[in-house]
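Taken in order, these protein sequences are the chains called A and B. First residue of the first sequence: 1, per our numbering; consecutive thereafter. First residue of the second sequence: 1, per our numbering; consecutive thereafter.
It is possible that part of the hints are untrue.
As the list claims (entries may be wrong) - As a list, the in silico DSS-like pairs of lysine-lysine whose alpha-carbon atoms are at most 27 Å apart:
#: 1; chain 1: A; residue 1: Lys111; chain 2: A; residue 2: Lys10
#: 2; chain 1: A; residue 1: Lys120; chain 2: A; residue 2: Lys97
#: 3; chain 1: A; residue 1: Lys111; chain 2: A; residue 2: Lys97
#: 4; chain 1: A; residue 1: Lys10; chain 2: A; residue 2: Lys120
#: 5; chain 1: A; residue 1: Lys100; chain 2: B; residue 2: Lys25
#: 6; chain 1: A; residue 1: Lys120; chain 2: A; residue 2: Lys100
#: 7; chain 1: A; residue 1: Lys100; chain 2: A; residue 2: Lys10
#: 8; chain 1: A; residue 1: Lys52; chain 2: B; residue 2: Lys25
#: 9; chain 1: A; residue 1: Lys2; chain 2: A; residue 2: Lys97
#: 10; chain 1: B; residue 1: Lys25; chain 2: A; residue 2: Lys10
#: 11; chain 1: A; residue 1: Lys100; chain 2: A; residue 2: Lys111
#: 12; chain 1: B; residue 1: Lys25; chain 2: A; residue 2: Lys97
#: 13; chain 1: A; residue 1: Lys120; chain 2: B; residue 2: Lys25
Quick caveat, the hints were computed from the structure, so don't treat them as lab data.
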Amino acid sequence: MKFILNYIRKETWSPYVAGILLGLVGILAVWASNSLLGASGAFETLAGLIGKALVPTFFDNLYFNFIMPPGLTYGLVMLVGLFFGGMLGAATSGTLKWGKKDAANSDEQWKRIFGPQTWKRWLLAFIGAIVLEYAAGIAGGCTSGLAISGGMLLAPAAFLFIAGMFASGILTTVLIYRQRY
Amino acid sequence: MSHLLIALILGIVFGFALNKAGLTKYHKIVNVFRFTDMAVLQFMMTALVVAMIGLYSLRAFGLIEFPNIPGTYIFGNLIGGLIFGVGMALTGY
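Put together the whole structure using the sequences plus the hints.
Written out as structure tokens, the structure is:
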């Protein structure tokens with residue numbers, strides 16, 4: 001029991017142990033509610049909710065009416081859970097930097113490559129996130145919704161997605177890092 | 001309602017596992033593309049193997065039915081993946 005408690009307080013688990021935990025969550029999602037895990041779809045649901053409230057005519061189209069209908073969906077609640085789950089993980093390992101000075105930009109490797117400016121980190125994260133969400137919309141899911149949830153049901157889509165993701169990910173990293181690769 | 005409660009609990013455990021595997025950090029995500037830290041792949045593949053074994057054996061015993069699997073559109077999935085990789089390498093999501 002003490003061993004388990006100490007393990008929970010560790011900042012970084014063995015990826016195999018964390019992977020087993022995620023695998024069990026994946027099984028439970030299908031067993032308890034016949035649904036799959038996912039994260040990116042919830043952002044589209046949220047965008048639909050906000051958009052329909054602000055400019056209803058612009059958001060009155062096929063995509064937001066039928067493919068991603070807004071509302072309090074399973075995915076949206078899961079996204080809220082994801083946020084607090086991540087926070088819980090950081091809190092148990094004592095690395096939750098609530099309001100601390102370097103909390104907004106704390107990755108040493110990122111600073112080495114791009115420089116220490118915080119605004120740069122946030123700008124790049126914003127642009128990158130738009131790219132991510134757009135791509136997830138095209139592919140029909142993100143790393144969790146398509147690659148992991150689809151992969152565990154042996155969906156061909158998941159493996160096509162993983163192949164594409166790694167091909168361009170490696171290429172982009174080579175371009176960014178160049179001789180530091 | 002219980003449906004949404006399950007989603008919340010599963011989301012929390014999901015986020016917890018991601019955090020503990022270190023996948024909420026930029027350097028973990030990017031270093032898998034540099035082949036210097038394979039934690040992302042180890043994490044993903046372990047989860048896949050565990051879930052595959054669990055799901056297929058539960059279905060074999062007739063305890064569960066599979067939900068609709070994500071649709072296969074060869075170009076959509078592949079091009080989506082290609083653009084996704086760019087964003088992933090930029091943000092470290």
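Checked hints:
Proximity of Lys111(A) to Lys10(A) is assessed by CA-CA distance (about 25 Å); at most 27 Å being required, the pair is judged to hold. A distance of roughly 20 Å separates the Cα atoms of Lys120(A) and Lys97(A); the hinted pair therefore holds under the 27 Å criterion. A distance of roughly 18 Å separates the Cα atoms of Lys111(A) and Lys97(A); the hinted pair therefore holds under the 27 Å criterion. A C-alpha spacing of about 31 Å is found between Lys10(A) and Lys120(A), which places the hinted pair above 27 Å, so the restraint is violated.
For a cut-off of 27 Å, the pair hint linking Lys100(A) to Lys25(B) stands: about 17 Å separates their Cα positions. A C-alpha spacing of about 19 Å is found between Lys120(A) and Lys100(A), which places the hinted pair at or below 27 Å, so the restraint holds. A threshold of 27 Å between alpha carbons decides the hint, and for Lys100(A) with Lys10(A) the separation of about 21 Å falls inside it, so the pair holds. Of the pairs offered as hints, the one joining Lys52(A) and Lys25(B) is violated, with about 34 Å between alpha carbons and a cut-off of 27 Å exceeded.
A distance of roughly 26 Å separates the Cα atoms of Lys2(A) and Lys97(A); the hinted pair therefore holds under the 27 Å criterion. Note on Lys25(B) and Lys10(A): the hinted pairing holds, with a Cα-Cα distance of about 15 Å set against a maximum of 27 Å. At roughly 17 Å between alpha-carbon atoms, Lys100(A) and Lys111(A) fall within 27 Å of each other, so this suggested pair holds. Of the supplied pair hints, the one linking Lys25(B) and Lys97(A) holds, its CA atoms being roughly 14 Å apart against a limit of 27 Å.
A C-alpha spacing of about 17 Å is found between Lys120(A) and Lys25(B), which places the hinted pair at or below 27 Å, so the restraint holds.
Of the hints listed earlier, those the structure fails to meet are numbers 4 and 8, in rising order.
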